[in-house]
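Novice: Just so you know, the sequences run in chain order Z and L. For the record, in the first sequence the residue sitting at position 283 is 288 according to my numbering, with numbers rising by one throughout. For the record, in the second sequence the residue sitting at position 143 is 147 according to my numbering, with numbers rising by one throughout.
These are calculated hints, taken from the structure and not from any lab test. Quick caveat: nothing in here was measured; it's all calculated off a predicted structure. The beta-carbon is built from N, C-alpha and C at its ideal position, and this holds for glycine as well. It is possible that part of the hints are untrue.
Which bits of chain L does chain Z cover? Going by a derived footprint, with three or more residues having C-beta under 8 Å, they are [as the list claims (entries may be wrong)]:
no.: 1; segment: 40-46
no.: 2; segment: 220-234
Okay, the calculated beta carbon distance ranges per label pair [claimed, not checked]:
no.: 3; chain 1: Z; residue 1: 362; chain 2: L; residue 2: 212; range: 32 to 40 Å
no.: 4; chain 1: Z; residue 1: 77; chain 2: L; residue 2: 164; range: 38 to 46 Å
no.: 5; chain 1: L; residue 1: 95; chain 2: Z; residue 2: 77; range: 44 to 52 Å
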Amino acid sequence: MKRWVRLLILLAGGGAVALGAELSDPGTPWAALALIGGAIAAGELIELRPPLRAAIPISFAYEVVLARRTDVSDAALVLLVALLASLLLRAEPIALERRLLLFLERLAAGLAAVLVFHGMFDALTSLSSRVQVLLALLAAAVAPLIVAEIARMLRERTLAITRHGRSADLALVTSAMLMAVSDQGVNGKGAMGLWGPVVFTIPLLAAWYSYEHLDEIRRTYSQTIRALGAAPELGGMVRDGHAERVAALTVAMAHELGFSRSEMEHLETAALLHHLGQVCIDEPEDGRPPDGAAIAHSGAEILRSTELLAPAGDIIAAEALPYRDDARARPGVMSGQILKIASAFDELSEGRNDRGEAALEALYSAPAYLYDEHVLGALEIVLDRRGVLSPT
Amino acid sequence: MSANVLNAMVALVVFRASSFYLGVVVVGLCGGLEFAQIRRREWQKVAFNSSLDCITCIVAALVFWGIAGNSGTPVAVLIGAAALAGVADLLVNSSVLSLPISITSGQSYRSTVFQVTKFHVSAYPYVFLGLGVGLTYLGLGLFIIPMIIVPVVIARQAFASYLELKAAQENTIETLIRALEAKDKYTAGHAQRVATFSAYIAEEFAFGPSRSERLRYAALMHDIGKLVVPNQLLNKPGRLTEAEFGRVRLHETVSVELLRRIDFLAPVAGDTTTEAATAAVDGSVLVEPAIIHVADAFDAMTSTRSYRKALSQETAFEELRKGSGTQFNSACVDALIGAILRRGEAYGAGHEVDDHEWAVAPPEAGTGSAGLGHLVPEEQGAKP
Chain Z
6 MKRWVRLLIL LAGGGAVALG AELSDPGTPW AALALIGGAI AAGELIELRP
56 PLRAAIPISF AYEVVLARRT DVSDAALVLL VALLASLLLR AEPIALERRL
106 LLFLERLAAG LAAVLVFHGM FDALTSLSSR VQVLLALLAA AVAPLIVAEI
156 ARMLRERTLA ITRHGRSADL ALVTSAMLMA VSDQGVNGKG AMGLWGPVVF
206 TIPLLAAWYS YEHLDEIRRT YSQTIRALGA APELGGMVRD GHAERVAALT
256 VAMAHELGFS RSEMEHLETA ALLHHLGQVC IDEPEDGRPP DGAAIAHSGA
306 EILRSTELLA PAGDIIAAEA LPYRDDARAR PGVMSGQILK IASAFDELSE
356 GRNDRGEAAL EALYSAPAYL YDEHVLGALE IVLDRRGVLS PT
Chain L
5 MSANVLNAMV ALVVFRASSF YLGVVVVGLC GGLEFAQIRR REWQKVAFNS
55 SLDCITCIVA ALVFWGIAGN SGTPVAVLIG AAALAGVADL LVNSSVLSLP
105 ISITSGQSYR STVFQVTKFH VSAYPYVFLG LGVGLTYLGL GLFIIPMIIV
155 PVVIARQAFA SYLELKAAQE NTIETLIRAL EAKDKYTAGH AQRVATFSAY
205 IAEEFAFGPS RSERLRYAAL MHDIGKLVVP NQLLNKPGRL TEAEFGRVRL
255 HETVSVELLR RIDFLAPVAG DTTTEAATAA VDGSVLVEPA IIHVADAFDA
305 MTSTRSYRKA LSQETAFEEL RKGSGTQFNS ACVDALIGAI LRRGEAYGAG
355 HEVDDHEWAV APPEAGTGSA GLGHLVPEEQ GAKP
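Only chain L is shown next, with the shape it has when bound in the complex (with noise of 0.2 Å):
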């Protein structure tokens, strides 16, 4: 949307002199054309795209031109016309944007108004932009077509690389997520659904969008450790002697130790188990490491395991409230639970997406590594 409300404000100011409505319609007409969607001759999108920012102009036209006259008007006049238009551009364009998406989404009207108007309101200061290189062109003619070009297209490049860069970070945590499930067929999916329930938790929260985004990262490579625990060990069916359950832990301090070693994730690195249990939600103490240690554990609770089956979600949801304010954090606990419960989702033993096969079956309840060795008392679980 951003080019297309730059090139409308400048020919609001260009055409303004004469009130060229020809001018504004054809400007309009032009801004909706896409070049993907004519490749794939998408002509009813093309005719859509193109009425709509064609109406656009012709309102922001009328306000602009409206409140600004035709010439010898004030800057901070021209200022507070273009910004009135540049809000009539959005209302019109999101209103009108949002009937087929919602129609086709299924989503309600207002809601899909909401959204599209968030999407499009980064786009609004180009309307300043636009009335600036309106009244440059004004006194420069066609050299502020450069002058204009270059730092824009330097901007939206290094933005671009900004997001190439982002995908392959993206693709490297995900590859050595792979290669960690690879190793231990049990945790398939874990990491990616302990990054999920520690979204609900955030949602709940009220995380912003940086924050809820370093909180994802902690959480997918919250076992990132476990690349230096031989397979051997992550796949033995039954109980590990006391120094192969210390070579398994070891997992815990590594995870850390890389995460501390990554500015980014560094601060919401911490010990999950003590200081996080108790960690205040009002921003005093960092709290992801608390969330992730309720997710790791609910997941761990309602997955299958080497060394026993899933538990169901009720049992799950017990011994998180039996740890509440203990070995978890009670805030994080309740807040799981309430975003479970209200999203209808069921997880846990009958509700498992994945089927195992085993040489030897795990227990139905044991001991394990996501702090649950006191769930079960040992007779029942060391079955091997």
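With the rest of the complex left out, here is chain Z (with noise of 0.2 Å):
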């Protein structure tokens, strides 16, 4: 079932709940709370999902309507049923017991927003009702945002906290206090009812939107430059898998050796295609491999002439040259020496785990001018880690 039809499902039945209560009880605050319900059920199928950080669903803004519109017991209620029904008809995760742990976490996150909004709003009656309203909606705002990030910490087993896309926390916090404070108004003032949550929903959705295309169009740059860097072995030129090996591996070594992400990002574009200009020189026709300088340059003026790819062709044109005592303060060539390191052990050990150890010592054996022994170093805790290394 298409994702909008499954939308359309959850937003039918909470008008067709809201309808019926409506009918049989004009009047009532249950119609609108029922209309809430099924944005909130439809709202965890919209998620921002800024690159590298957990996705975030939009039913947390109308969670905080819902803390605003009515007491705690009503709303864990409410709350209650338009999560099952989104439970049943969310796509992923597709395993139950994870459907169901996400069915938690986001109980937990809307009931979170409920209490907070209540206690903070009961908490600050000193204040001037503007403010006490202002304050209660951003801590509800802000209270489903750490659930779900205390909930990723447990899932992921870590004490890391996101640092990555919070502007999508803060696009949803801002939209949140808007649709509440639109719904009800302020001091009886530029009350909405529930047009004010739909109308503040369209810069929210605005945001989806350009997240979804950045996330697919971010996807697809990975994928064009990880089809390229698969040019040379479809074209039997590499082993199979070099350039991926090769990538991970020099992305494990600058982690160790306190790389930047963005510093590691352009080191795996440029594990990724370093064999690309192999494919752009002229086959030596005595049979010989071509000159891995050549490929080197070529490569490198490729990727130069086009701004994201240039800082990985200044890597791959480092990695041909030969190694300085001054690596550590050349950051193009420091990257140069590890890419150029990765890729020769990638070779020497054919790809195998079993080969590790004696290609390692290969490395290690090479003339002194020939590689930096502080990357070399790097490499030796990394295939430490991975098990490579036979215990000592």
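Can you join these two chains into the complex? Each is in its own frame, and there are hints to help.
Specialist: Below, the structure is given as structure tokens:
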């Protein structure tokens, strides 16, 4: 079933319940609560997915509207029904256990929004009503994000807090506050009823649309680079999987050496494309393998003509440079050394773990001017961690 | 336009109680100011845009205030009034703005209005957002400003990042195509022309923008597998040995394999020589591989290659028609021929853009890698 069909079913379900409530008891608040419940259920299926950050559903915003609309027990009931409905209709995760865990996580996040709003609102009675409402809404909008973050940390068994993609959190928090304020107004002014949340869904949907496109193009771009990196392999010029193995190794070594995320991204791209130059140079007629420096030069020239790939081109060019003592002071050269060592290691070990130790020894035995010992040390640590080296 | 519509609607709501036209005029005048135009001292454009925004704001105010009145109006009526005011704003804006565009571009006024309206209509939801911001401002005051700016700016930033990465993706593909064409000087511009011919066919089939875009990328990258073919073979004048021909043909498999590794292009990375030829255009089978196959063959026939000179357009059309329904998808053949004739364009012998210099001049006709092996008898095509 397509996503828009599932969204429509959830929204229509909320609408049908609202209609039933209104017909059986005209003027009942349950009609509005049913509509909000429908929005929460549908909002579960629309997630903001900024790069490098776990997805966050826009239902968190409607939960803040719900929190302001009604008391804790009614809100809990609406939440339960809405999340159960979305649990039945969501496409992912497929595994039942993970689906139930996600349901519990989202229920905890929604309840946190409701409880925090009422707690804060009651605690801030000494302030002006405008400030009181805004602070309570702010706290309520942040609460589900904190719950989701704690759930992620538990799931991934980590204490690291998400640092990237936090702009999505900001968009969600401000939109949630706008929705709740426009729904009920402040001091009897500016109340739009449920039209408010509808209207202030627009910027949130605009953010969702942008993130979806960004996510798609990031994936396409990454796949394009990886596909091109595989071209020399498909042409039988290098061993299968060489580019991917070297990329994984360089990233691990760069992480070990304290490189930044952006440096690691350039290094990974360079590793994936470091044999691209080979496809552009003439094959030696005597059957010898092509010159490594010529391959690096040709590959670097291709990449340098594109702004985003130019740093990767510099790294590939630096791969062919002889080792110098001040390599650590020049990031491009240092990255080039990492790439050179990772690539040489993969060629020597033929991509096999059981030959890793011998390959590392061979690199250490090479003339001192060829490979940077500091970088070789990083390789050794990475291999040791992967269990490639036998314990001493 | 989105920011201007939003600002205008906020002004209409905020100044509604007093019908303060001067406020609306000021908002309209300021809405037309563009920093880039002021910096370039393009005062005529600044004056035109400001005046236009001012007029559209007044028209929208007349509609909105006329329907909504000054106070005590239900929100549903306000939304209806805003919707109509937005339509009025859009129509006035498009019809006036189209005048100078139509005059300077030489396009008909009617089609210009249609295009400008189509471009501006994406900003229409901002009418309702402006209404919401205006009403919320009445209750919340200036607190609303950061609260509305944050999500809008974040959405714009994310979209800007998307556009930036999209441009990078295009650049990457262009760079690789340049690298590919540097390997084989006879195929200069081939990928771009195949993309253009594919676009002609897609237009005939009324493809939507995203499907057309996917087709364009696939057409640009259809020969990307040639990266793995040695330069010497691609540029070898005359006939290839069987082993060499096998190595050249490897590029077709590699191209398909590379496209399949990209999710976006995988559905159109089909076999271009068998089922594609009979693929239906009704959507039951993706017709894109067949489109690219026909476009590729047409460009190959009408371009000079190392193994033969360009054929005439008439000969190429004849060959396409001959293979229609068997080697080539008949609907794609008809669509391409129709589109080229309707445009009055001419390709092939006598119409090639690039001059060629040969160490060994290629024959007038011959075998090749674009499915043209059957084109001429071997004894004619095998002259070294």
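Novice: Could you run down the list of hints and mark each one as holding or not?
Specialist: Hints versus structure:
no.: 1; hint: 40-46; verdict: violated (count 0)
no.: 2; hint: 220-234; verdict: holds (count 6)
no.: 3; hint: 362/Z - 212/L: 32 to 40 Å; verdict: violated, 56 Å
no.: 4; hint: 77/Z - 164/L: 38 to 46 Å; verdict: holds, 41 Å
no.: 5; hint: 95/L - 77/Z: 44 to 52 Å; verdict: holds, 49 Å
Violated hints, in rising order: 1, 3; the structure is consistent with all others.
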